[in-house]
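Protein chains: 2
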Amino acid sequence: MMRRWIGILLLFSVLLSSCSGGQQTVTPASSGLPADAAALAAERGFTPDDVYAALKTYMPSGELDPYIMFSSGGQSGQVLVIGVPSMRILKVIAVFTPEPWQGFGFGGHGDQVLEDGYVNGYEIKWGDTHHPSLSETNGEYDGQFLFINDKANARLAVIDLRDFETKQIIKNPNAINDHGGAFVTPNTEYVIEGPQYAAPLGWEYASLDDYEEKYRGVITFWAFDRMSGRVIPDKSFQMELPPYWQDLCDAGKKVSDGWVFCNSFNVEMATGGIELGNPPFEAGVSRGDTDYLHIIDWKKAEQVYQAGKVETLNGMALIRLQTAIDEGLLFFTPEPKSPHGADVTPGGEFIVVGGKLDPHVTIYSFEKIQQAIAAGGLETDSYGVPVIPLDKVMEAQVELGLGPLHTVFDDKGYAYTSLFLDSAVARWTLGGPYDSLNPEDGWTLVQKLPVQYNIGHIAAAEGDTASPDGLYVVALNKWSIDRFANVGPLLPQNFQLVDITGSGAQMKLLYDMPIGMAEPHYAQIIKADKLNPFEVYPQVGWDPGTMALHPNAITSEDEARVERNGNVVEIWMTVLRSHFKPERIEIQKGDHVIWHLTSLEQTRDATHGFAISGYNINLSLEPGETQTIEFDAVMSGTFTYYCTEFCSALHLEMLGYLLVKP
Amino acid sequence: MMRRWIGILLLFSVLLSSCSGGQQTVTPASSGLPADAAALAAERGFTPDDVYAALKTYMPSGELDPYIMFSSGGQSGQVLVIGVPSMRILKVIAVFTPEPWQGFGFGGHGDQVLEDGYVNGYEIKWGDTHHPSLSETNGEYDGQFLFINDKANARLAVIDLRDFETKQIIKNPNAINDHGGAFVTPNTEYVIEGPQYAAPLGWEYASLDDYEEKYRGVITFWAFDRMSGRVIPDKSFQMELPPYWQDLCDAGKKVSDGWVFCNSFNVEMATGGIELGNPPFEAGVSRGDTDYLHIIDWKKAEQVYQAGKVETLNGMALIRLQTAIDEGLLFFTPEPKSPHGADVTPGGEFIVVGGKLDPHVTIYSFEKIQQAIAAGGLETDSYGVPVIPLDKVMEAQVELGLGPLHTVFDDKGYAYTSLFLDSAVARWTLGGPYDSLNPEDGWTLVQKLPVQYNIGHIAAAEGDTASPDGLYVVALNKWSIDRFANVGPLLPQNFQLVDITGSGAQMKLLYDMPIGMAEPHYAQIIKADKLNPFEVYPQVGWDPGTMALHPNAITSEDEARVERNGNVVEIWMTVLRSHFKPERIEIQKGDHVIWHLTSLEQTRDATHGFAISGYNINLSLEPGETQTIEFDAVMSGTFTYYCTEFCSALHLEMLGYLLVKP
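Listed in order, the protein sequences are those of chains X and E. Heads up, the first sequence is in this note's numbering, so the first residue is 1 and it goes up one at a time. Heads up, the second sequence is in this note's numbering, so the first residue is 1 and it goes up one at a time.
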């Protein structure tokens, strides 16, 4: 392994009281510092930056990370919760993929959440999660909810941050897949779900020969109700778009509140067919020099929807493309070829677009966009959408390098753009109102920090809010190659934590974090103290599905019982260290079983599992939780149910027998 | 947060060339060490131990962990692969639970592996993984295979460490659940699967009134074939045991090679029934002062099996209890109440048993066991099994504290026992041949290190081999309570890394690692350089299912094609950055689709995913890999298939359309 700077570090300490002088040192013998620490740094060949990074990221036992990162798991279908700067995974939240440790999708209330996300009744038990989005109030993360999309099947999930559980999965009835979601409006009025690959609306069949006529994009504005913690389809609406493969979106904020911006990357309307001698998609989609930045007035669109100027398609209110044009809801402007993301600056003044095949980022002025729209007289694309000339709205272009992709912001007027092909993070300066926040001139490249390797997205502390924090960015690298021990042909990704506290060219790499369970797409980082989850459920008998008392909760062991009604056996069971009550349940093969379990625990961390051998059932019952499982006793035999959590010294003794007579 | 020692650390460096003197220091200005590192340690209130721990566990980018820990995921049904000492998760291996990032259970070859583990044809898509066991040669980990059990459904899985993929899941036909597995014999002749809760053999129904007569334990010796990398049921055998709830096992080694030892914890034969006024299991199982350590002569049992002195039950060769007694295969000796684990010392001389409800560990001498068996004249239990009196075989007892549970070993004659109720790791000295390896007397408690909190099992570097390494143990703590940021009522576990390099009372806590995706039961730690996985598959067209060339592999894009035979559509597809060939596939609703995909990649880390919208399919195609998926086109419509890995700058363009005509 190459170390650029080989040295020996000797570590000395002085008491805090003598710190003000700053230079007083004591010998190792009197310092209380183990001499082996100094020897260790020497032995490991640490550079000064290594020592700094080790001390910056280390969390002594019990010290809490000041930031929490919510990362998509990509095609794992889950969300990762990571402490920053220690880069330790605090939790994996089950979202689209069943996960038995959390008891999600193995008999408990998660089953219905998953079922609600099936496609035309067909079981889907995974998802390709892309863009997590924290709920916002006034453009600031408020720590209440997290939304995330499933690109593979055009679905949206809602996670309640009171208990970090997925409460809702909703299938988009008209899109086949999505990418530009989830993104929230500044007060979480709507969760935006943009599409990806064009298709006939509503999953219909249509020949690719009819692409221009029958294939479409569609953007969805899912209305969110904070009280119930649910997306409300009946208050949501969609807008039809040309089949240009809309990609990522970002909502305007502050001066641009009420608008949303999405890039696109197949204005060429290529339809592939390499096997027919056509250019493959990768070439066909990239023929043109520009695609279209989509500029959408969602507040006006909401009025159009409320005025009833919509059609209903598969139960969803849809603003047709012609209506969107007629009502002045949709505008285009050119953007450099094959862009990936449209990122709004903290104050909402600019939209930054990176073109993967263009070395620049292009910065659009929202004010100029407004002026151009007001001025009118715009040409249109072939579908009739007004197109604003680039020179009317471009504020600046900054040449960064190869493969600029995604841009995030800090509190010092810097922007950070991931460079996929260069494998680097570019730090550059914003102009306009941000120019005075740092020593450099506006719209200038300041530093390119190499990362390992192939960075996709990038996340910044409070980075998507109206007031980013600075301090850290995380590079979401796709390839790790030689960074970690070999664990076979499927390699982990590599999250690299970067220190951005210094100004100018002072970005430093702090930590490499392997992600060997997921291919995270994007992440958001929130101040930990904005989160306020339950430590235990508010009262015994709590149903996490409804976030209210469960109708079949029981609050004492005296109420535990089994009742039979015909071939329906209903069980009310209590769960408390270290026994279930009842411990023996005898039924007949063919019985229908309804089994309510209530944890009487009120002690933090006193979680019980509940598994039934052979029946594909496992629950996680957190303190106070009630859940109901329901199944048919299809197999006769002698089965055990037992606690799958090591809940006490007698956890192995926490079991019962389910006897199913033939 | 409490810091025991508040100080300021100033860090100075000297060049390597001036190290020999050891005392020469330079000022920060000339050291090259950033002054902010010193300020940082001060600001964070680090103790000297914190600095040591930070430097000990930090991995600069690209530096590889010297040890790899394979941890069960408990009821997540997976295996975690963790770098030591950085405690970073390098990979989660999908085992019993489908996992889409790896494409395990979503259309590819993992589907059959999972199906083979179904129970009587009923789908089981999770597991309660407990004891990972690395394959061994001469009692040393050889880095070739990993085995792990599913306690919930009595299943065993085989993971091939060439590609870190699960190759086989096998259902035990006669046990309902297991706990004492997986444990290998010293040359991996057999993988041992002990049972847990007694039940009628073969999943039959029997009333609990007939417990003593009809309920049984059963230990399984699964024959393992290294060439095929598979357990061979036809060469495996079982032994019937009394219904005493056998728990964990360990194979003898060196002097005790050929024997296996299992503890048990319900010699009382309690059957629960708190709702009937009976003592609950937790009380009934703990009434007696002792349970029985099971002592099994597996080499002799193998001869008995090969001699045909077996019955066949549900296709498995079974040595009946009476045969085991008659042939001298099975012996008991008392062990302190409610023990959890029987751990054999590196040289095989002693077996250490911890009783959860007894403050001692009890050490048994294998030599004395042999003498007692040879002497004969033993009393029997009620089933006729010879019982050796404790005083004939006990070598020592060491009082450690509350809740001793699991014991591991190092290279300096120390043993390490987890104390669940004390929340501590006890270091104590072995006697006999180990006495001379450390300064302390044999059979003496040396140190109790507090851990946070409720430690279950404990793992040591190369700890279960004939030559443990020392250096590290990991405390697998069940509760974390206040150690990490609040992520809701379901808390992570806490793995704590402990430095055991110093002798005597010098154990030090190094690192807290949250596990928020699993409830790991046990782990094994292997030297990283013993592993030698593929970087890419050996040739294009490799089938990970058979570890050989796939019969439907194609090696060039020219061979890509679609063929129709009646309503069967067969596709041979190539996958290469950044396109699939073909890109358009048009079929009829109701067609049966057989789809072969070959990755033509040969570059390390150039993995492609393959998802079909709406069809619950996602594969991971590593470089060179071929897989086949098969499904019925049940839904008409316009679907996309696309690469779910961010494989290149044009990964979004890597897709095709699957058009299903109504």
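Just so you know, these hints were derived from the structure itself, not from any lab. Any given hint could turn out to be false.
[To be verified] Which chain X residues face chain E? A few, computed with CB under 8 angstroms, are given here:
1) ALA206
2) ASP632
3) ALA633
[Claimed, not checked] Straight-line C-alpha distance at most 30 angstroms; calculated BS3-like pairs for lysine-lysine:
4) LYS214(E) to LYS589(X)
5) LYS214(X) to LYS589(E)
6) LYS254(E) to LYS125(E)
7) LYS214(X) to LYS299(E)
Ideal Cβ positions, reconstructed from N, Cα and C, are used throughout, including at glycine.
Exercise for the section: Just pull the numbers of the violated hints for me, sorted ascending. Expected result: Structure breaks hints 2, 3, 6, 7.
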